[in-house]
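J.: Sequence:
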Amino acid sequence: MKKYAKILLFFLVLALLALHKGSAQEIDFGDYYNYSFTLAELNPLADLEFGTVVQSAGVINIGLSEAKILTIEGVRYLDVLVTITADNNMVNDDVGCTGSCTIPFTLQAAYANLGADNIGQATPMTILSNVANAQFPILKRSSGPAGPPPTPVYNGYDPSVFNETAYLYVYGSINVGMVNAGSYSSNITVSVSYD
Numbered sequence: 736m737k738k739y740a741k742i743l744l745f746f747l748v749l750a751l752l753a754l755h756k757g758s759a760q761e762i763d764f765g766d767y768y769n770y771s772f773t774l775a776e777l778n779p780l781a782d783l784e785f786g787t788v789v790q791s792a793g794v795i796n797i798g799l800s801e802a803k804i805l806t807i808e809g810v811r812y813l814d815v816l817v818t819i820t821a822d823n824n825m826v827n828d829d830v831g832c833t834g835s836c837t838i839p840f841t842l843q844a845a846y847a848n849l850g851a852d853n854i855g856q857a858t859p860m861t862i863l864s865n866v867a868n869a870q871f872p873i874l875k876r877s878s879g880p881a882g883p884p885p886t887p888v889y890n891g892y893d894p895s896v897f898n899e900t901a902y903l904y905v906y907g908s909i910n911v912g913m914v915n916a917g918s919y920s921s922n923i924t925v926s927v928s929y930d
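The working numbering puts the first residue of the sequence shown at 736, with every later residue one more than the last.
Hints may be right or wrong, so weigh each one.
[Unchecked claim] Derived Cβ-Cβ restraints for the label pairs, each shown as a range:
id, residue 1, residue 2, range
1, D930, N890, 37 to 47 angstroms
2, G793, Q870, 18 to 28 angstroms
3, P884, A916, 50 to 60 angstroms
4, D822, A916, 15 to 25 angstroms
5, P884, V789, 55 to 65 angstroms
6, S895, T820, 24 to 34 angstroms
7, S791, T833, 15 to 25 angstroms
8, I854, T820, 17 to 27 angstroms
In short, the hints are calculated from the structure, not lab data. We put the beta carbon where it would ideally sit given N, CA and C, even for glycine.
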């Protein structure tokens, strides 16, 4: 009987160990130094603009090839957390607008982090309710195992020598119904922080 109890106890311990989920260690290097980054527009004069549309035009898309491009310049080996939040509707800019004064907007976004502005290398971001989220390194390793941890910051050490640029692409679609004539606009907010 003792033999069966030991075997049962062994399998019980084995089953409990199998249920335990392992997790990788994650170190938030951003907590140990005030690393900086720059978020900028690649072409400040180009907006995400749908141009002139007519009533009841239906769905009009701005694709990845026509996207608004933003750049994130930062320390290449650090991860950034990016959140892009867009209004659900474009609103008629006429203060006295009555009737149908909104056009639904659907956000799409992607990023490229292989060192070049190349939509062929873009990775779509996860989007839920017009909020896009992604976590990625400024410069993705092209192959091989993960590199060593970064050099700790010390007096005279400048981590900005390791700066690279990642690219954000913001695009989407509108669905034009029977709306009032006029100019329509909405807000898109981009938040970036180091992880």
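J.: Hint by hint, note whether the structure agrees.
T.: How the hints compare with the structure:
| no. | hint | in the structure |
| --- | --- | --- |
| 1 | D930 with N890: 37 to 47 angstroms | violated, 25 angstroms |
| 2 | G793 with Q870: 18 to 28 angstroms | violated, 35 angstroms |
| 3 | P884 with A916: 50 to 60 angstroms | holds, 58 angstroms |
| 4 | D822 with A916: 15 to 25 angstroms | holds, 20 angstroms |
| 5 | P884 with V789: 55 to 65 angstroms | holds, 57 angstroms |
| 6 | S895 with T820: 24 to 34 angstroms | holds, 28 angstroms |
| 7 | S791 with T833: 15 to 25 angstroms | holds, 19 angstroms |
| 8 | I854 with T820: 17 to 27 angstroms | holds, 22 angstroms |
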